[in-house]
Each structure stands twice: as structure tokens, then as C-alpha cells.
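Residue numbers (the working numbering), protein chains in the order written: chain A, 1 to 66; chain B, 1 to 376; chain C, 1 to 268.
Hints are computed from structural coordinates only; laboratory data are not their basis. Heads up, some of the hints might be wrong.
To be verified - Non-contacting residues of chain A with respect to chain C, defined by C-beta distances greater than 10 Å in every case (computed):
| hint | residue |
| --- | --- |
| 1 | Asn6 |
| 2 | Glu23 |
| 3 | Gly64 |
What the hints assert, rightly or not - Among chain C residues calculated to face chain B with C-beta under 10 Å, some are:
| hint | residue |
| --- | --- |
| 4 | Gly27 |
| 5 | Gln30 |
| 6 | Glu121 |
| 7 | Ile181 |
| 8 | Asp183 |
| 9 | Asn239 |
| 10 | Ala240 |
| 11 | Arg242 |
| 12 | Ile245 |
Said to hold, decoys possible - Partner residues aside, some chain A positions facing chain C, computed with beta carbon under 10 Å:
| hint | residue |
| --- | --- |
| 13 | Met1 |
| 14 | Ala15 |
| 15 | Leu36 |
| 16 | Leu51 |
| 17 | Asp55 |
| 18 | Leu59 |
| 19 | Arg61 |
| 20 | Leu62 |
No residue lacks a Cβ here, since even glycine has one placed at the ideal position from N, Cα and C.
Spelled out, the chains give:
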Amino acid sequence: MKLTVNGEAYEAKRAETVTSLLEEMGFGGRAVVVVLNDEVIPAVSRDACGLREGDCIDLFRLVGGG
Amino acid sequence: MTPQLPAWLDPSPWLDGREPTAVDVERALGCDEPGPRELAAMLSPAAHPFMEVMAQRARALTRRRFGRTISLYAPLYLSNHCTNGCVYCGFASDRAQPRRRLEPSEVEKELAMLKEMGFEEVLLLTGERTSHAGFDYLLECVSMAARRFHGVGIEAFPMTTREYALLAEAGCSGVTLYQETYDPRQYDRLHRWGPKRDYLDRLYAPARAMEAGMRTVGLGVLLGLSDLVFDAVCLLRHAAHLQRIHWKSGITLSFPRLRPQAGNFAAPITVDEAWLARFVFAVRIVLPDVPLLLSTRERPEFRDGMAGLGISKMSAGSRTTVGGYDGAEPSTGGQFQVCDERGVPEFCAMLRSRGLQPVFKNWDSVFREAEAGGHG
Amino acid sequence: MERQGNGQDDWIVGGRRFSSRLLMGTGKFQDSETMVGAVLASGAQIVTVALRRVGRVSREDDMLGPLHRLGGITLMPNTSGARNAAEAVRAARLGRELGGSPFVKVEIHPNPHHLMPDPIETFEAARVLAAEGFVVMPYMPADPVLARRLEDVGCASLMPLGSAIGSGGGLATAEMLRLIIRDARIPVIVDAGLRSPSEAAAALEMGCDAVLVNSAVAASGDPIAMAAAFAQAVVAGRNAHRAGIMPRGGGTALATSPLTEFISGEGT
Ligand code: SF4
Chain A
1 MKLTVNGEAY
11 EAKRAETVTS
21 LLEEMGFGGR
31 AVVVVLNDEV
41 IPAVSRDACG
51 LREGDCIDLF
61 RLVGGG
Chain B
1 MTPQLPAWLD
11 PSPWLDGREP
21 TAVDVERALG
31 CDEPGPRELA
41 AMLSPAAHPF
51 MEVMAQRARA
61 LTRRRFGRTI
71 SLYAPLYLSN
81 HCTNGCVYCG
91 FASDRAQPRR
101 RLEPSEVEKE
111 LAMLKEMGFE
121 EVLLLTGERT
131 SHAGFDYLLE
141 CVSMAARRFH
151 GVGIEAFPMT
161 TREYALLAEA
171 GCSGVTLYQE
181 TYDPRQYDRL
191 HRWGPKRDYL
201 DRLYAPARAM
211 EAGMRTVGLG
221 VLLGLSDLVF
231 DAVCLLRHAA
241 HLQRIHWKSG
251 ITLSFPRLRP
261 QAGNFAAPIT
271 VDEAWLARFV
281 FAVRIVLPDV
291 PLLLSTRERP
301 EFRDGMAGLG
311 ISKMSAGSRT
321 TVGGYDGAEP
331 STGGQFQVCD
341 ERGVPEFCAM
351 LRSRGLQPVF
361 KNWDSVFREA
371 EAGGHG
Chain C
1 MERQGNGQDD
11 WIVGGRRFSS
21 RLLMGTGKFQ
31 DSETMVGAVL
41 ASGAQIVTVA
51 LRRVGRVSRE
61 DDMLGPLHRL
71 GGITLMPNTS
81 GARNAAEAVR
91 AARLGRELGG
101 SPFVKVEIHP
111 NPHHLMPDPI
121 ETFEAARVLA
131 AEGFVVMPYM
141 PADPVLARRL
151 EDVGCASLMP
161 LGSAIGSGGG
171 LATAEMLRLI
181 IRDARIPVIV
191 DAGLRSPSEA
201 AAALEMGCDA
211 VLVNSAVAAS
221 GDPIAMAAAF
231 AQAVVAGRNA
241 HRAGIMPRGG
251 GTALATSPLT
261 EFISGEGT
């Protein structure tokens with residue numbers, strides 16, 4: 001499935017939900033927030049949130065800042 | 001029942017009963033941001049020797065903020081009908097006194113005379129709200145004045161926010177309302193009957209005026225009614241409170257000193273010129289950017305000396321009788337006795353001789369329209 | 001002025017009570033160990049963090065993991081990187097999702113060179129976020145009118161700059177800060193421009209409720225020691241403010257030309 005992740009093209013191998021995508025990309029267990037097509041997906045809804053061809057996903061995390 | 005002072009007004013944290021010393025006064029004068037405590041110190045007997053220092057400071061601050069200018073305005077007494085029993089006032093309802101109000105045609109005439117004298121700012125005065133001179137009457141007078149004058153203020157009775165808004169719409173830019181004294185018990189004694197007995201209604205009226213979009217609100221205490229330092233600190237706190245909440249409106253402060261008038265009321269406290277002057281200096285030091293007013297209650301030499309020494313705005317050529325500017329014999333007594341009876345040209349000449357420019361117009365009513373929507 | 005004080009001189013913002021008056025930024029440190037050490041040494045109870053898109057390939061250090069574990073610290077995401085109100089609002093919503101706290105430092109500086117905050121976009125973002133229930137702490141120019149407008153739309157505190165970000169100019173805006181402090185009914189926190197602990201102390205002496213530092217610690221010779229020094233300075237400044245600072249000298253020098261000869265009376 002072709003996706004756009006953080007502005008770059010990404011070919012998902014098996015992932016069909018947000019949770020499985022995070023695992024596939026190696027972000028499982030890390031504090032990230034997921035924005036799917038400009039909509040924030042709360043952590044509790046990730047399992048149920050299915051992905052479709054062409055979806056845009058942005059992943060954010062907190063870093064050091066002033 | 002005497003009301004409780006609201007926390008924002010209560011001066012007691014700064015009046016701990018300890019008489020300030022010269023050290024406290026020096027400390028106050030050296031303070032970066034003087035407040036109620038410093039004001040109290042500068043008003044104490046210990047500050048009398050610092051008079052000259054305070055005067056110098058007051059002049060420097062006044063000059064820095066207002067330049068070498070004095071704004072001028074004229075009071076216009078519309079009516080002396082009153083239902084209140086303020087023991088200190090010649091217009092109180094138990095005083096034998098011819099009562100009258102100016103009819104619209106007379107108002108026009110008086111306004112025309114003031115305009116002739118050069119004024120651009122007028123303060124319209126009435127007593128308590130009565131059937132002779134109530135809100136609608138005042139509103140009509142404001143509209144008339146606004147057609148001729150750039151600044152129209154009123155000094156009347158406390159009103160509702162809606163009423164203040166209607167006045168503002170009609171062109172009123174300022175509301176003056178003295179609390180007279182902030183001491184609720186003394187207030188209760190001095191205001192024997194009438195709506196003015198309601199201390200809190202009066203106390204909150206300036207805030208309502210500001211909420212309604214008035215550009216300026218004038219505060220003051222009638223000096224000599226009650227403990228001077230108590231009243232002074234309350235006045236400062238009242239001003240600071242309003243400035244903080246209603247930050248788009250301005251404050252002015254006046255320094256009316258109780259003078260003999262009808263009824264032979266003897267002031268409980270004597271305020272001499274030296275104290276009055278020191279009060280003005282101290283307020284200027286504490287509030288460097290607030291216009292401070294002095295009326296014609298004071299004698300010419302004192303007024304001349306105070307111009308620019310803290311004081312930035314003065315009345316001149318005033319009549320405190322109803323119908324006083326129209327050459328005809330005044331039909332009523334005055335609310336207070338005018339001590340400085342000089343005419344406007346003479347007064348302006350005096351200011352100029354002291355290096356001060358008389359200013360009749362500080363802003364232009366051309367902005368009034370645009371402002372009605374944006375102010376508030 | 002007394003603002004929300006109690007016996008311990010705590011201060012309150014966003015409904016939370018804090019005893020430390022030093023806020024720390026967590027950027028620009030060489031490693032997370034130093035950053036955490038500095039935060040600990042500073043005693044800060046509010047620390048700012050930024051929000052970034054996750055790098056897909058490069059795996060940067062997890063700077064914040066250790067902070068989460070410290071406990072007792074309120075994380076305040078900032079909106080740095082946002083160039084307008086819409087972007088800042090979006091960043092704030094994401095930050096809340098990640099940080100789990102309603103605190104947000106609204107920070108919008110469109111010019112990448114001087115980094116001065118955009119007052120108009122900042123105001124707009126603050127208005128929207130306050131209405132959404134965020135605890136909004138806007139980084140802002142030291143402008144008393146803007147301060148008032150931000151307070152009126154429901155900001156929880158004001159964060160005027162002492163001088164330009166990273167300039168180390170100290171309290172160049174002191175005169176404006178005094179006006180802001182005089183009229184504010186919410187805490188005033190000086191943010192940006194402080195270089196040394198003495199400047200932080202001066203801000204608290206002046207009556208600021210707290211200061212926020214980052215570069216001054218991260219870029220110092222020994223960040224952990226410097227964080228501790230700032231902590232001491234802030235306490236000293238606050239105590240000095242509470243104690244009441246000695247008046248300036250020379251205020252009562254004898255005047256030469258008498259101005260008061262016209263006055264009669266004894267001075268009651
Ligand atoms: S002070 Fe005002 S309210 Fe009181 S009696 Fe005089 S005119 Fe009436």
C-alpha cells in the first residue's frame with residue numbers, strides 16, 4: 001500500500017492499521033502522535049484505525065526546545 | 001448599615017498605625033515604584049520639611065509627561081435641584097436656596113458664551129437625579145454641548161452602565177464622580193438622606209462609566225471631610241484598580257478642598273494650603289502620568305504657583321451658579337465659592353508669563369464617530 | 001504587588017501551584033544527560049519542550065524520555081516552528097496529545113534571523129487556544145498593550161522578552177516590563193534574552209513572577225553548575241523584591257530655587 005509518511009513516499013508492507021504501521025516502522029512503544037490526513041488520531045483509537053491507499057501520515061514527537 | 005470596603009480598596013495594609021518618620025519619607029522619595037505606603041509617608045507630618053524636594057520632583061514629572069502646558073476647561077452648572085442631604089453642600093435639599101434649571105435655550109446661550117471665551121472642553125454639572133433635571137435632561141444637554149465642544153464631561157449622579165453608554169453615544173467623553181470620602185462611617189454621617197446615601201452604588205459608578213466606554217473618569221475626595229491619609233490612600237487604590245481593569249479609559253484626579261458655603265457647615269478637618277500642595281505633589285510622584293486638576297476654589301496666587309507643579313489641568317473664569325455665564329444677575333447661590341475670579345484672558349496671560357502654554361483642545365471630536373464602535 | 005502568594009511564596013499558573021520561579025528550556029544541550037542534570041539542578045518545575053516530526057531514517061537521541069521519568073515536572077510544549085496562528089494552534093493540539101498537559105507556550109516568530117515574536121499571529125493563536133481550554137503562556141514582545149489584550153483573551157501568564165532571543169541583551173525592555181508588571185493580573189515571566197544569573201535576579205527584583213532560561217544554561221561553560229546558579233539568583237531576586245529594595249540616594253538633595261514660597265499654612 002502506497003502511503004505518504006512525514007512528507008515522503010512510503011510503501012507499507014503488511015500494515016493495515018495505524019498501530020501496525022508504527023510497529024512496522026519501528027516506532028512501537030515510542031511516544032509519538034499520529035496525524036492521519038490532518039486529523040489527530042488519539043492513542044486509544046490506533047488499533048481500530050485502518051489505513052487506505054494514498055493516506056498521508058505525519059508522526060510527531062517531543063524534543064528538547066526552549 | 002455601613003458597607004464593608006472591598007479588598008481592592010481597603011487601605012488598612014498600608015496604614016499600620018505607625019507614624020511615618022523622616023527616614024520613611026526619604027525612602028518613599030527614593031522608591032522606584034512608589035505606592036500606597038509611600039503616599040502615606042509623603043502625606044505624614046514628617047514630610048513637611050520635604051516640601052521643596054517634593055515640589056521639584058512634581059514639577060519635573062509633570063513637565064516630562066505634560067510638557068509646558070496646562071489644559072483648560074470650564075464648569076457649567078445646569079441645575080441646582082437636589083434631593084440629597086449632603087451636610088457640606090450649598091445645594092442640599094434643606095438649604096433655603098432658589099432652585100432652578102437651565103432651559104434648553106439657556107443652555108445654548110451659556111454654551112455659546114463659554115465657546116466665545118475660548119473653551120473647547122466643558123463640564124456639565126447637576127445635583128441628584130430629579131424630575132426637574134433627570135437623565136433625559138442631562139442627555140439632551142450633553143447632545144447640545146457635543147455639537148459645540150470637543151470635550152464634554154458630566155458631574156452628576158451615579159448611573160447605570162446603559163445610561164453611561166447612551167451619554168457616551170451622545171458625545172460625552174468624561175464622567176466625574178467624587179466619592180467625597182471613602183470612610184464608610186463618615187460617609188454615612190455626612191450624607192443624611194437621599195439616593196447618595198448608597199456608598200457602594202457611588203463607589204462602583206466610575207467602573208460602570210468606563211465599561212460604557214467613557215474616555216476618562218474623574219475621581220476625588222472632598223478634602224476636610226474625613227481622615228486625610230485614609231481617603232488619600234483609598235483614592236490612589238481606587239484609581240489604580242480602575243486603571244488596571246479598564247485599561248482603555250483614563251483617570252483624572254481633582255483636589256477639591258472644603259470651603260465655606262451655604263449652611264455654615266464646619267469642616268471636621270482643616271486642610272491648609274501647605275497640606276493640599278503636598279498632597280498634589282505626592283500624588284504626582286505616585287501617579288506620574290495622570291492628569292491632576294485644580295479648580296477656582298483656590299486663591300489666584302496658589303493656583304499660579306501650582307500650575308505645572310503636579311497640576312496639569314485647570315478651570316478658569318468659572319461660575320458655580322446656575323446661569324452664571326450669562327451676564328444677568330445670578331439667580332442662585334454657588335455650589336462653592338470661587339476664589340479665583342480672574343477672566344480667561346488674564347489667567348492665560350499669567351500661564352504664559354510662567355512659561356506655560358494654555359491648551360483648550362487636547363483631542364478632536366472628529367474621531368468620535370469612529371470611536372463609538374471601537375471603544376469599550 | 002501580591003499575586004496569589006501564600007506563606008511559602010508559591011505562585012499559581014493554570015491552576016497549578018509552583019514553588020520554583022525558574023522555568024527551563026530543554027533545547028540546545030549537548031546530550032540528554034546534561035539536559036536532565038541541568039533541569040534537576042535548576043529545580044525547575046515547568047520545562048518547555050518542542051514538537052518535531054519524527055525523523056524516519058535517522059534516530060536521534062531520545063532527549064525527553066529521562067525527563068518523563070523524573071516526575072513532578074510540568075511539560076510545556078512550545079509551538080516553535082510555527083509561522084502563523086493556524087500552525088501554532090495545530091502544534092499546540094499535537095503537543096497536548098503528546099505531553100499530556102494543557103500548558104502551551106505559544107511562540108510564533110516568522111523571521112528566522114531576529115526571531116522576534118509576531119504580535120498579531122500570537123494574539124490570534126492565544127485567543128483560539130485559550131477558548132479551547134489550553135493554559136496559554138504566550139512568548140511576546142514586551143508591549144503593555146499587547147499584554148493587556150492577551151490577558152483579556154484568557155492567557156494564563158505573559159512571557160515578554162527581556163531582549164531578542166539569543167542576544168544575551170538582558171533586560172533591555174525593563175521600562176516596558178515595569179508597565180506590564182504594574183497592570184497584569186496574571187503572572188509575568190521574562191523569557192528570552194537573559195544571559196547571566198544577575199539578570200534573572202534583576203527581573204525578579206523588578207517584580208516579575210518568574211523567568212525562563214535555556215541558552216544561558218545550555219551554552220554556558222558548565223550547564224549543570226549554571227542551572228544551579230540561576231536557581232540561586234532567582235531565589236535571591238525574589239527575596240529582594242519581597243524585602244523591599246533600598247531607595248536610590250540623592251532623592252532628597254536640597255533644592256536651590258524655592259518653588260513653594262507661594263504656599264501658606266503649616267501642612268496640617
Ligand atoms: S453635593 Fe451634589 S448631591 Fe450632595 S447636596 Fe450637593 S448637589 Fe446634591
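Hint check results:
Residue-level check failed: A/Asn6 sits 5 Å from the nearest beta carbon of chain C, not beyond 10 Å. The beta carbon of A/Glu23 sits about 14 Å from the closest Cβ of chain C, which is more than 10 Å, so the claim that it is off the interface holds. Listed as outside the interface, A/Gly64 is inconsistent with that label: its C-beta sits roughly 4 Å from the nearest C-beta of chain C, within the 10 Å cut-off. Contact between C/Gly27 and chain B, as hinted, is not supported at the beta carbon level, the nearest pair being about 34 Å apart and thus beyond 10 Å.
Interface restraint check for C/Gln30: the shortest CB-CB distance to chain B comes to about 40 Å, outside 10 Å, so the restraint is violated. Proximity of C/Glu121 to chain B is violated relative to the hint, the smallest CB-CB distance being about 21 Å (cut-off 10 Å). Contact between C/Ile181 and chain B, as hinted, is supported at the beta carbon level, the nearest pair being about 9 Å apart and thus within 10 Å. About 5 Å separates the beta-carbon of C/Asp183 from the nearest beta-carbon of chain B, less than 10 Å, and the hint is met.
Because the smallest distance between the Cβ of C/Asn239 and any Cβ of chain B comes to about 17 Å, over 10 Å, the interface hint for this residue is violated. Here the hint on C/Ala240 is broken, as its CB sits about 12 Å from the closest CB of chain B, past 10 Å. Residue-level restraint check for C/Arg242 is violated (minimum Cβ-Cβ distance to chain B is 14 Å; threshold 10 Å). Given hint, C/Ile245 at the interface with chain B, holds; its Cβ is 7 Å from that chain's nearest Cβ, closer than 10 Å.
Interface restraint check for A/Met1: the shortest CB-CB distance to chain C comes to about 16 Å, outside 10 Å, so the restraint is violated. Interface hint at A/Ala15: violated, since its Cβ lies 14 Å from the closest Cβ of chain C, which is beyond the 10 Å cut-off. Because the smallest distance between the Cβ of A/Leu36 and any Cβ of chain C comes to about 12 Å, over 10 Å, the interface hint for this residue is violated. Interface hint at A/Leu51: violated, since its Cβ lies 16 Å from the closest Cβ of chain C, which is beyond the 10 Å cut-off.
Hint status for A/Asp55 relative to chain C: violated, with the closest Cβ pair at about 16 Å, above 10 Å. Checking A/Leu59 against chain C: minimum C-beta separation of about 4 Å stays under 10 Å; hint holds. With a least beta-carbon distance of about 5 Å to chain C, the hint placing A/Arg61 at the interface is held under the 10 Å criterion. With its C-beta approaching chain C no nearer than about 5 Å, A/Leu62 sits inside the 10 Å limit, and its interface hint holds.
This entry does not satisfy hints 1, 3, 4, 5, 6, 9, 10, 11, 13, 14, 15, 16 and 17, going by the numbered hints stated previously.
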